[in-house]
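Q: In UniProt numbering, the protein residues as written are 1 to 704.
Bear in mind the hints are in silico, worked out from the structure with no lab data behind them. These numbers were taken from a predicted model, which means no experiment stands behind them. All clues given are correct.
Computed list of lysine to aspartate or glutamate pairs in DMTMM-like fashion (alpha-carbon distance at most 25 angstroms, straight line):
1) K697 / D322
2) K45 / E266
3) K667 / D262
4) K445 / E433
5) K216 / E266
6) K453 / D435
7) K697 / E284
8) K314 / D160
9) K314 / E289
10) K314 / D152
11) K45 / D172
12) K667 / E346
13) K45 / D86
14) K697 / D636
15) K314 / D81
16) K667 / D393
17) K45 / E273
18) K216 / D248
19) K445 / D435
20) K45 / D81
21) K314 / E159
22) K45 / E93
23) K314 / D86
24) K370 / E422
25) K314 / D147
26) K370 / D435
27) K216 / E136
28) K216 / D262
29) K667 / D679
30) K314 / E284
Derived DEER-like restraints, expressed as beta-carbon distance ranges:
31) A631 / S135: 50 to 60 angstroms
32) A328 / E414: 41 to 51 angstroms
33) N8 / R623: 29 to 39 angstroms
34) A250 / A693: 52 to 62 angstroms
35) A229 / R418: 44 to 54 angstroms
36) T247 / V214: 15 to 25 angstroms
37) T247 / A171: 40 to 50 angstroms
38) P438 / K697: 48 to 58 angstroms
39) E346 / P438: 40 to 50 angstroms
40) R418 / H583: 21 to 31 angstroms
Even for Gly, the Cβ is constructed at its ideal location relative to N, Cα and C.
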Amino acid sequence: MVAADMTNRFLNLYNHEFARVAVGVPQCRVADPVYNAAQTIALAKQADAAGAVLVAFPELGIPAYSCEDLFQQRALLDACDMALADVVAASRELGAALIVGMPVRVQQRLFNCAVVVARGRIQGVVPKTYLPNYSEFYEARQFNAADDAGVDTVTLLGEDVPFGSLIFEAADQPLLRFHCEICEDVWVPVPPSSFAALAGATVLVNLSASNVVVGKSAYRHQLVGQQSARCLAAYLYTSAGQGESTTDLAWDGQALIYENGDMLAESARFASESHLIYADVDLERLTRERMHQTTFGVSARRHAGEAARFRTIKVDVAVPRDAELPLARAIERFPYVPSDPRRRDERCHEVYNIQVQALMQRLASSKIQKVVIGVSGGLDSTHALLVCAKVMDRLGLPRTNILAYTMPGFATSERTLRQARELMEAVGCTAREIDIRPSCMQMLKDLDHPFAKGEAVYDVTFENVQAGERTNHLFRLANHLGAIVIGTGDLSELALGWCTYGVGDHMSHYNVNASVPKTLIMHLVRWVAETGQLGGAASSKAVRTGKEAGVRRNVLIDILETEISPELVPGKANGAPEQRTEHFIGPYELQDFNLYYTLRFGYAPRKVAFLSWSAWHDASAGRWPDEGQLARNAYDLVAIKRNLRIFLDRFFRTSQFKRSCIPNAPKVGTGGSLSPRGDWRAPSDSESVVWLADLDKVPDDPRA
Numbered sequence: 001m002v003a004a005d006m007t008n009r010f011l012n013l014y015n016h017e018f019a020r021v022a023v024g025v026p027q028c029r030v031a032d033p034v035y036n037a038a039q040t041i042a043l044a045k046q047a048d049a050a051g052a053v054l055v056a057f058p059e060l061g062i063p064a065y066s067c068e069d070l071f072q073q074r075a076l077l078d079a080c081d082m083a084l085a086d087v088v089a090a091s092r093e094l095g096a097a098l099i100v101g102m103p104v105r106v107q108q109r110l111f112n113c114a115v116v117v118a119r120g121r122i123q124g125v126v127p128k129t130y131l132p133n134y135s136e137f138y139e140a141r142q143f144n145a146a147d148d149a150g151v152d153t154v155t156l157l158g159e160d161v162p163f164g165s166l167i168f169e170a171a172d173q174p175l176l177r178f179h180c181e182i183c184e185d186v187w188v189p190v191p192p193s194s195f196a197a198l199a200g201a202t203v204l205v206n207l208s209a210s211n212v213v214v215g216k217s218a219y220r221h222q223l224v225g226q227q228s229a230r231c232l233a234a235y236l237y238t239s240a241g242q243g244e245s246t247t248d249l250a251w252d253g254q255a256l257i258y259e260n261g262d263m264l265a266e267s268a269r270f271a272s273e274s275h276l277i278y279a280d281v282d283l284e285r286l287t288r289e290r291m292h293q294t295t296f297g298v299s300a301r302r303h304a305g306e307a308a309r310f311r312t313i314k315v316d317v318a319v320p321r322d323a324e325l326p327l328a329r330a331i332e333r334f335p336y337v338p339s340d341p342r343r344r345d346e347r348c349h350e351v352y353n354i355q356v357q358a359l360m361q362r363l364a365s366s367k368i369q370k371v372v373i374g375v376s377g378g379l380d381s382t383h384a385l386l387v388c389a390k391v392m393d394r395l396g397l398p399r400t401n402i403l404a405y406t407m408p409g410f411a412t413s414e415r416t417l418r419q420a421r422e423l424m425e426a427v428g429c430t431a432r433e434i435d436i437r438p439s440c441m442q443m444l445k446d447l448d449h450p451f452a453k454g455e456a457v458y459d460v461t462f463e464n465v466q467a468g469e470r471t472n473h474l475f476r477l478a479n480h481l482g483a484i485v486i487g488t489g490d491l492s493e494l495a496l497g498w499c500t501y502g503v504g505d506h507m508s509h510y511n512v513n514a515s516v517p518k519t520l521i522m523h524l525v526r527w528v529a530e531t532g533q534l535g536g537a538a539s540s541k542a543v544r545t546g547k548e549a550g551v552r553r554n555v556l557i558d559i560l561e562t563e564i565s566p567e568l569v570p571g572k573a574n575g576a577p578e579q580r581t582e583h584f585i586g587p588y589e590l591q592d593f594n595l596y597y598t599l600r601f602g603y604a605p606r607k608v609a610f611l612s613w614s615a616w617h618d619a620s621a622g623r624w625p626d627e628g629q630l631a632r633n634a635y636d637l638v639a640i641k642r643n644l645r646i647f648l649d650r651f652f653r654t655s656q657f658k659r660s661c662i663p664n665a666p667k668v669g670t671g672g673s674l675s676p677r678g679d680w681r682a683p684s685d686s687e688s689v690v691w692l693a694d695l696d697k698v699p700d701d702p703r704a
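Based on the sequences and whatever the hints tell you, model everything.
A: Laid out in structure tokens, this is it:
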């Protein structure tokens with residue numbers, strides 16, 4: 001076991017490039033800065049105790065936003081300065097940086113500002129760029145816009161502090177680079193935060209007041225979500241709540257945290273008490289997205305003049321790296337399969353139709369109307385056959401144009417053979433059966449293999465003779481019958497190299513499943529069963545019984561409940577398969593998790609293990625993407641490491657040569673594909689040593 005390093009504790013989110021951020025909506029009193037500062041400090045202490053390093057508060061929250069012409073009163077402005085002094089004093093005992101809103105006097109002018117405070121000091125002041133002067137708001141009556149300042153330093157509480165376009169960088173967490181803008185700034189066509197992101201800010205903060213009217217909440221979600229997505233950033237949005245003046249307006253105190261278009265947290269609206277929301281922002285994800293999306297760099301170059309206006313200010317925050325601080329963010333166990341039923345249904349519908357549309361185009365472009373497919377009675381060939389059925393329906397062709405062959409070999413079980421027969425009948429395709437054992441035996445005799453002499457030798461040659469013979473039959477059948485061969489292998493098998501190279505399940509004319517992982521294949525088959533997608537033509541027997549829909553559904557459910565096996569080695573006397581795929585390559589649910597975070601984000605194994613433990617260590621926590629059909633498995637860190645080691649070595653060292661020459665196939669999701677023509681281009685003779693060395697840093701006990 002690796003000894004724990006207390007300065008780099010495994011079970012601490014900050015040691016995996018996350019940062020816990022918070023948005024506070026304090027109860028306020030109009031024109032009572034002392035009270036408002038006290039409420040702000042109380043929330044700041046709560047956030048700090050929870051491990052947050054950044055806490056944002058509403059626009060003009062120290063005096064309250066709705067003071068209007070009271071902002072012209074010296075007594076109120078002096079009181080704001082004194083209240084700020086209280087916040088600064090309180091921050092000495094806190095590790096987090098605080099961002100508060102207040103009016104700031106600069107050379108006989110008044111500015112609506114965000115003031116950043118940390119460790120007993122004012123770190124910098126950012127003025128509002130765009131002042132609304134329409135509808136309910138007339139800020140230009142009291143305030144000046146940022147461009148009118150003409151200075152880059154302001155004296156506040158007796159100290160000269162940076163003023164203007166600033167980006168704040170946490171000294172102990174350099175990926176945490178945050179920028180402040182104020183309310184209207186994000187409502188304009190090109191917000192200041194866009195240029196701040198191009199200048200390197202990863203966390204964008206909006207101090208807003210934002211009154212509420214019908215429909216505004218939904219628009220805030222759109223606005224904040226889209227800005228975070230365009231900027232490849234996190235976006236914190238806070239607005240004024242209970243206590244603001246209701247002379248003409250009302251306030252709902254809505255707070256939001258988004259990351260690259262995904263909502264991480266939202267506050268309750270119309271709350272009567274002060275409240276906080278938290279989120280653990282994945283800073284590495286944001287920076288890696290920017291590296292991957294090269295047009296981000298192009299945009300940064302084209303707008304270099306605007307980005308150059310920002311000054312970087314180092315902020316001394318106390319990052320709690322030594323504490324045990326597990327991730328509070330929900331991590332999907334199945335990153336390719338949403339746990340939310342509505343989103344899962346949308347995902348299955350979209351993926352299925354992408355596959356169908358792609359195969360339709362391939363048939364149309366090749367001017368071929370028939371397909372040949374091998375049907376094993378297992379998951380992958382089942383789903384590929386379902387895609388073919390829908391393609392024929394949409395092209396107005398009979399399903400008999402699907403030439404389906406099941407080819408039992410030396411290890412084919414009665415169960416999968418029965419399922420293959422029932423499935424082909426339920427689909428209504430042209431069903432044929434070819435016993436490949438005689439041709440395989442001839443090949444084994446030609447090779448002088450021990451099995452041909454009666455010896456029970458089940459080596460890789462024995463296995464691949466069967467896999468190759470099936471594929472050889474399919475290609476020659478396609479030649480003979482004027483069809484193309486449809487591949488059935490999935491993304492998970494490509495990642496792990498779990499396929500027979502060349503003349504084997506590795507090859508086809510077109511593969512509809514190549515970018516669909518095994519865990520999603522399972523849900524797609526279930527979705528087809530439950531939504532009646534198979535529909536259309538049915539076998540004559542099913543029609544006669546009047547039970548075609550039920551027959552189809554039952555066949556698919558039976559296939560889903562069959563243990564995954566290549567069935568290339570004769571099974572046990574009780575009919576159980578000798579080969580259990582997941583005994584060799586690990587559980588698909590874990591390996592798909594490893595694939596997603598390795599392929600999609602390029603995370604180091606240590607972080608993948610941390611995310612995996614966060615998702616999988618407690619079967620009772622979080623949501624599952626089904627209604628009880630899946631086994632509720634849990635994995636400790638030892639099991640996670642063991643299976644991640646299998647994945648890393650197979651993915652980086654032993655399998656790339658198979659991926660370097662795979663058939664055409666449609667990409668279905670942002671989780672990536674392994675096409676050498678698209679998402680993944682890698683040498684076939686690389687090593688896995690650096691990934692395995694990083695995995696060695698993971699302890700057996702997360703709390704060690």
